[in-house]
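Undergrad: In the order they appear, the protein sequences are chains W, G, X, S, H and Y.
Each residue of the first sequence is one higher than the one before, counting from 9 in this note's numbering.
Each residue of the second sequence is one higher than the one before, counting from 9 in this note's numbering.
Each residue of the third sequence is one higher than the one before, counting from 9 in this note's numbering.
Each residue of the fourth sequence is one higher than the one before, counting from 9 in this note's numbering.
Each residue of the fifth sequence is one higher than the one before, counting from 9 in this note's numbering.
Each residue of the sixth sequence is one higher than the one before, counting from 9 in this note's numbering.
Because the hints were derived from the structure by calculation, they are not lab data.
Take these hints with a grain of salt, some might be off.
If several chains are the same, the list does not tell them apart, and a pair holds so long as it fits within one copy or across any two.
Stated by the list, open to error - Derived DSSO-like pairs (lysine-lysine); straight-line CA-CA distance at most 27 Å:
(1) 260 <-> 317
(2) 89 <-> 227
(3) 61 <-> 209
(4) 197 <-> 89
(5) 227 <-> 260
(6) 197 <-> 166
From a predicted model like this one, the values you see are computed outputs, not experimental measurements.
Protein chains: 6
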Amino acid sequence: MSTYTLPNIPWEDRPAGSSDVVWRYSANPIIPRDLLPISNSIFNSAAVPFNGKFAGVFRVDNRKRDMTLHSGFSEDGYTWKLSDAPIQWKSSDPDAAYSMYKYDPRVVWIEDRYWVAWCNGFHGPTIGLGYTYDFQEFHFFENALLPYNRNGVPFPRKINGRYVMLSRPSDNGHTPFGDIYLSQSLDMKYWGEHRYVMGTKGGWQSTKVGAGPIPIETKEGWLLFYHGVLTSCNGFVYSWSAALLDLDKPWKVMYRAAPYLLSPQTYYECVGDVPNVAFPCAALYDQPTGRIAVYYGGADTVTALAFCKVEEVIDFVKKNSEV
Amino acid sequence: MSTYTLPNIPWEDRPAGSSDVVWRYSANPIIPRDLLPISNSIFNSAAVPFNGKFAGVFRVDNRKRDMTLHSGFSEDGYTWKLSDAPIQWKSSDPDAAYSMYKYDPRVVWIEDRYWVAWCNGFHGPTIGLGYTYDFQEFHFFENALLPYNRNGVPFPRKINGRYVMLSRPSDNGHTPFGDIYLSQSLDMKYWGEHRYVMGTKGGWQSTKVGAGPIPIETKEGWLLFYHGVLTSCNGFVYSWSAALLDLDKPWKVMYRAAPYLLSPQTYYECVGDVPNVAFPCAALYDQPTGRIAVYYGGADTVTALAFCKVEEVIDFVKKNSEV
Amino acid sequence: MSTYTLPNIPWEDRPAGSSDVVWRYSANPIIPRDLLPISNSIFNSAAVPFNGKFAGVFRVDNRKRDMTLHSGFSEDGYTWKLSDAPIQWKSSDPDAAYSMYKYDPRVVWIEDRYWVAWCNGFHGPTIGLGYTYDFQEFHFFENALLPYNRNGVPFPRKINGRYVMLSRPSDNGHTPFGDIYLSQSLDMKYWGEHRYVMGTKGGWQSTKVGAGPIPIETKEGWLLFYHGVLTSCNGFVYSWSAALLDLDKPWKVMYRAAPYLLSPQTYYECVGDVPNVAFPCAALYDQPTGRIAVYYGGADTVTALAFCKVEEVIDFVKKNSEV
Amino acid sequence: MSTYTLPNIPWEDRPAGSSDVVWRYSANPIIPRDLLPISNSIFNSAAVPFNGKFAGVFRVDNRKRDMTLHSGFSEDGYTWKLSDAPIQWKSSDPDAAYSMYKYDPRVVWIEDRYWVAWCNGFHGPTIGLGYTYDFQEFHFFENALLPYNRNGVPFPRKINGRYVMLSRPSDNGHTPFGDIYLSQSLDMKYWGEHRYVMGTKGGWQSTKVGAGPIPIETKEGWLLFYHGVLTSCNGFVYSWSAALLDLDKPWKVMYRAAPYLLSPQTYYECVGDVPNVAFPCAALYDQPTGRIAVYYGGADTVTALAFCKVEEVIDFVKKNSEV
Amino acid sequence: MSTYTLPNIPWEDRPAGSSDVVWRYSANPIIPRDLLPISNSIFNSAAVPFNGKFAGVFRVDNRKRDMTLHSGFSEDGYTWKLSDAPIQWKSSDPDAAYSMYKYDPRVVWIEDRYWVAWCNGFHGPTIGLGYTYDFQEFHFFENALLPYNRNGVPFPRKINGRYVMLSRPSDNGHTPFGDIYLSQSLDMKYWGEHRYVMGTKGGWQSTKVGAGPIPIETKEGWLLFYHGVLTSCNGFVYSWSAALLDLDKPWKVMYRAAPYLLSPQTYYECVGDVPNVAFPCAALYDQPTGRIAVYYGGADTVTALAFCKVEEVIDFVKKNSEV
Amino acid sequence: MSTYTLPNIPWEDRPAGSSDVVWRYSANPIIPRDLLPISNSIFNSAAVPFNGKFAGVFRVDNRKRDMTLHSGFSEDGYTWKLSDAPIQWKSSDPDAAYSMYKYDPRVVWIEDRYWVAWCNGFHGPTIGLGYTYDFQEFHFFENALLPYNRNGVPFPRKINGRYVMLSRPSDNGHTPFGDIYLSQSLDMKYWGEHRYVMGTKGGWQSTKVGAGPIPIETKEGWLLFYHGVLTSCNGFVYSWSAALLDLDKPWKVMYRAAPYLLSPQTYYECVGDVPNVAFPCAALYDQPTGRIAVYYGGADTVTALAFCKVEEVIDFVKKNSEV
């Protein structure tokens, strides 16, 4: 019995007068920083369809500013109830499962279960992998890659017989560089056949780029939302846009939008623990209508929603492409 | 005749629905940046009881962005009247009293007078010491310590026959490290028997820590509010919390809260000359009721107030302690 | 036929109760970030009188965060209509006219035409020079100076038979230093007789200083509005003030205000793509009334207006002078 | 027919009067920087037994200061003849085999062939893997790991059914950090089950550590020579020492010598393209006699030899162990 | 009467067995660091033919480590007698002639006099210009360019009616970047028509490049010796090589050698005040024989000589060209 | 019975032909790096007269590169015998005597005992104080000052009833700044009345300065040898020179030599663990003859000797003074 069934996803029409391809939910942020009694902030959240409703894994920084993951559930995708305690990952091997912190999760349904990929503190940040069937019990699998790495994003199905995952090799701090690579695996445990996907370009994505939500399969290619970072004299600015990857050789970038789709401009994106951050981690896609709801973090403090239509995004990416 | 008599301190009950141990004054900030015609900002302020009312020494940055100290008076602890001109420190020795700037004062009544400790520009920041009887005339005493040092905080009485002062050795810039040390003196002039008190820990206090208001003596130990700094990719974030120090050997940390008590979350803490700063410099403590009013700077721009109860803070520190 | 005729400049009286020498327009910002469909931000704008109305050259960062220049027109100086497309600079020599980006324009009427000076990406930032007669057709002339340079500001007339220009030698990044120099030319093409004008001082101008609007000729000297930068632990803060330069030897600083005239304090100056920036690029001066309207960028995102009177500014500069 | 047969390895007795566990060859360096007409330097060299003599893969920086690999042969292990041209790696997939530079090779015989691991410029440094049977024809296999990584060192046999490799995750520059990790593989292509081996300690190994020659199997464990780096005020200093790893779980450090075995002290180690570097990449081990000859680079310029006895090294490591 | 007449230049044949295009003088260094009683070091020296013998301008750092220029004379080009006192530059305008330090001179005969270009401390390093007829009396002319700039190298004749000079825009410290640009002038005073010549490439010239001796006119183009800098983990390494520039449009690089011609490898190049520096500032060219003698600084401490033949250098540059 | 009696100090006449005020011992270095079986280096050594011979405290870095202090004895001041084990400091208070490392000792006889001051790792470097009567038993006294501090140098007698000590406030790394301050004490335990002595100047002392040997009392003032540091593009260069301080107010600099007296120029000063270091820590002064023997470290690796005459040094300092 599959637990992955797509409910009605959150949706709000484009505001009158706007021609933006992506628009914000009018009642943002949907998750405030203090939803939990112990939470300092809740953002960069991975929402997925689950049993006709929604479940997810959420980055919760507590008031020590420890970075942890919590599970959560929602009826409608807007209003979320999060577990009070962090996820306890089951594992029999303490050498493998050693973890100093956990953040920026992605969740994806592959074949028979929900896989979770996150940034795992294994003597340095790297890509932890685990899975759950029910968002109650979570199993630690293995760190897919060596440190230092962030933004591990699995594809939702095997390609050419291999599991595929994007990631962004990093360093141990506020990494001032970052390109997107792709790794392949026969079993989700051993990874190889690494390929270069794409690097920085000018402007909003001149410091680093990293994959965002799980790629969405379309006839035009894999639709990848990704973030880019610009370094102003007052720090990093995180915006996001989209690219289309080859369906068969997903390290081939077919099209890549030169402008951003959304940059930090509202109060909840510009003011908070890290000013000027809009960081997408999950996208719900309703294929029949083409509707997409993107969950993204605001100022590393709260969770917000934005909306778009798949055809319009593809059109925008192709028309504004600079590969 | 002692001039130190505790009046009714500022107080506002915890907001309905809140379970926070520390809560903000609803009409913050209490001192705006332009209270004085020449002021750019007024923050990190040292308020004390004085003659049944309140007096204080205030950090005022003028519109050159010079850092100076002004005296001030208040009937109720909320509304302050500051002197238009900076304090003129009396001294007979120009070699000793050389000063390029002055900031972040603390004021404490010890025995017969009010001592002022501040960050003094003596070819580099260090801890200046002076005293006043009336907040009209101020006497420069000596720099207690060599540069580079900040956040000098004397205890309110001798311990084991020695004056005691906390401080945070620093460097000459925006110091990216900082632990709290303690020094002892027989006469407030010569200091020695330096002891290590506590250093950085994870999360909100991972870059540096520094003592805040004058420690409050309680049966459980010296209650020390202190700030901690986290370095995000967009700069420093200043929060604050509390610890309990041994009454007799105050360099021994008995308990230390792992979560912060207050972090920058409001507009006046997040937006200003230095975004994301909440920096406490003074606390009024009403022993009979257990009420504490903490004066803290917001965004290095304005002065704000927060409230708590001593038993609740002690309870919080002990329950959440990680030493 | 001269196209330079001064219309009524924007003006609003000082707010009641204020004693500030410079005050903000009450309906700031006058140009929002998204005035153009493709604009990320519009700021650091050079407005001039043109045919009894106003024209200008504007820094427009598009949604790639490319930096470009657009022309614009206004009836009243408040409401602007900008061209949708960037200015196309005419030039016959691609080696000379190579340009990777363009930003922070100044426009000045000299003799028979409007000269435009801007920061031009010529394998590094330097001062590009061009001219227009009508704000329709723009001619690239030459880069006046070698990289790395920013804030090139020509004087509005020859002095001692030489064209004169201020500039701020820089490096290739977020330059942490910067003094104002002056260069001279017989023909606007070859520049020499470079003179040192002024460097950093304490406080708000301790990191770097750079010329702002075209200097205004007064009986007391050339009135120069200029920006200064302070480095806080969370980045650069851009404020501005004024100085008076010798009429004949304009590298001689006669008076220089030690306090700033305006520092970032409003939401649109403190929150945006680069928090805490107030950056003036143009000033309209109505000699009969002494009124001055200053156009300045807010947070590197929007364009704002401020007002002052020439006598008051001169008085302020002289009374608060520290050269 | 196996091509791996151990000839008499280079050897020179310990100098009279010395009690050092490791001693230098008296005629160092054995390979001068200009052995080839086009070579700037030849160092960090991987020598192995081959057909009863010696073969190897050598880091040769040419006079562009490009980093390349050359094959070489020797009768006696002292005198080497290198190919004039860099190794041409055969591969059918240009996406995988893209390489901007190659340096710091290790060579190991596993089962039926010689595997070569080196630092490969794949949009950043990572561990390239290839193999040869005859040191004439070299096959590119795959990059084992994602960038950024250096010092990939395979074990000479499978352990618990898995190929095993050490590496040092890095960044894209002169990495100021570095710990040793271990990765496992069923097929040399896909790698996982990453384990942490060891990190920096005080003194000579306080900045970073990295595996050196192929580990030597002994009854006491895997003998690993490794380098450590100290940062003086004038840059990095590379020394080397040894550790013993568990035979079955080679990520478990049984013993680790706290002192170095050899630090840069001679002219050819202290003066050259990078002063103060002694960097081991290969060790020949004669089991019957316990003799070990270590090839190491001097000052990133020349190749030198040092000698020791396996029992003495093991004894030293155990007696001076700090794990 | 012209004072520029070429005597027999220093010369020593290529050492037997060497195939290097450039070879060192066997008795290097020719000028020791302590030639003068007050000298700490003498290097980066500009020697020219003068009255059938040789004269020059020399960088002399005294034992304060102040950087000054001294004149010197030589009968044979090997043995130099330097003035005990620094050159006194005559000038009537103290604003223009302000100078905090002077270093790295170049000297060139143009038309009727010897022009000297050097790095002049004018509130930052820039290109000072002066002239002499007799190496006894020196006239300050003007700083050709604004700070920050180094390595100003004039061409020996007008091209297309313009004086031409190369330079390397810099910053105010140990500049980690640097490309070569060209500026033009009608009168040596006002400079414009700036053109980009060439930037960094891989390997030995990956950090910055700068022009060395005065370009030599050949049928194949202007022969430019230039230095390049590589950044190792222990600092900068200065090597040098050559390029050929178009005779008419000297900003066009026709050929550029990818390998260096000489890198620091001897004791006097590798050990001294700045290890690993070989920095050429002057070249004597004997057209009839094609002989070239290059004066270059060793380790920023002493002056050395190297030799080559013009045809061989041109051949090398063309055969190894990567533009 | 006083143990301080001055024997014949080491001495060698100035080399023929030299006019240097300070000259090196012809058989330098006097202590090789490997004098002890476990020593990596022995340098920055504090030699004093003791019982008609010599004793001292020596910085010994062992082969872990731990920094420790060893005692040593010498008959003639040239040939030293060092204890194999580090000094064990006696103390009853572990909080006070906590020490992570010890280096750069100075030793001075005051009144009745030998005081030792060194750089002590007390959660950061600071000035440790201890004493001995016999160089067999050493007593820890107290850290005189808070971290971060280095180069603590006591005066050999009380001045105006106070013990006096110089020091150089620092940070926690390879400090890029440093001035000399003075502190006073009634009891060697509590220190105050801190005064500024002198800071950096141009050239060889432009990065930082620090006191060297114990000041020598002369009729002209306290003769202070001190080191200065210049930052080249390849790191720090340590030279040394001298100043004369007022006898009564020793924070008043009467004269200060602008040139260095000795800079790193020999192999043992330029090549070693830290290239280009000459660092003086002790001086023996024979008043009747005016002879001075200075012990200084070479390249942070070995110990060397230099000689001078007190009148000549005083004459040099006064003639070349720039205060």
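Undergrad: Hint by hint, note whether the structure agrees.
TA: Now for the hints, and whether the structure bears them out:
1. 260 <-> 317: Classified as within: same-chain Cα gap 23 Å, cross-chain 50 Å, threshold 27 Å.
2. 89 <-> 227: Neither: 35 Å inside a copy, 41 Å across copies.
3. 61 <-> 209: neither (38 Å within a copy, 40 Å between copies)
4. 197 <-> 89: neither (32 Å within a copy, 43 Å between copies)
5. 227 <-> 260: within (15 Å within a copy, 48 Å between copies)
6. 197 <-> 166: both (14 Å within a copy, 18 Å between copies)
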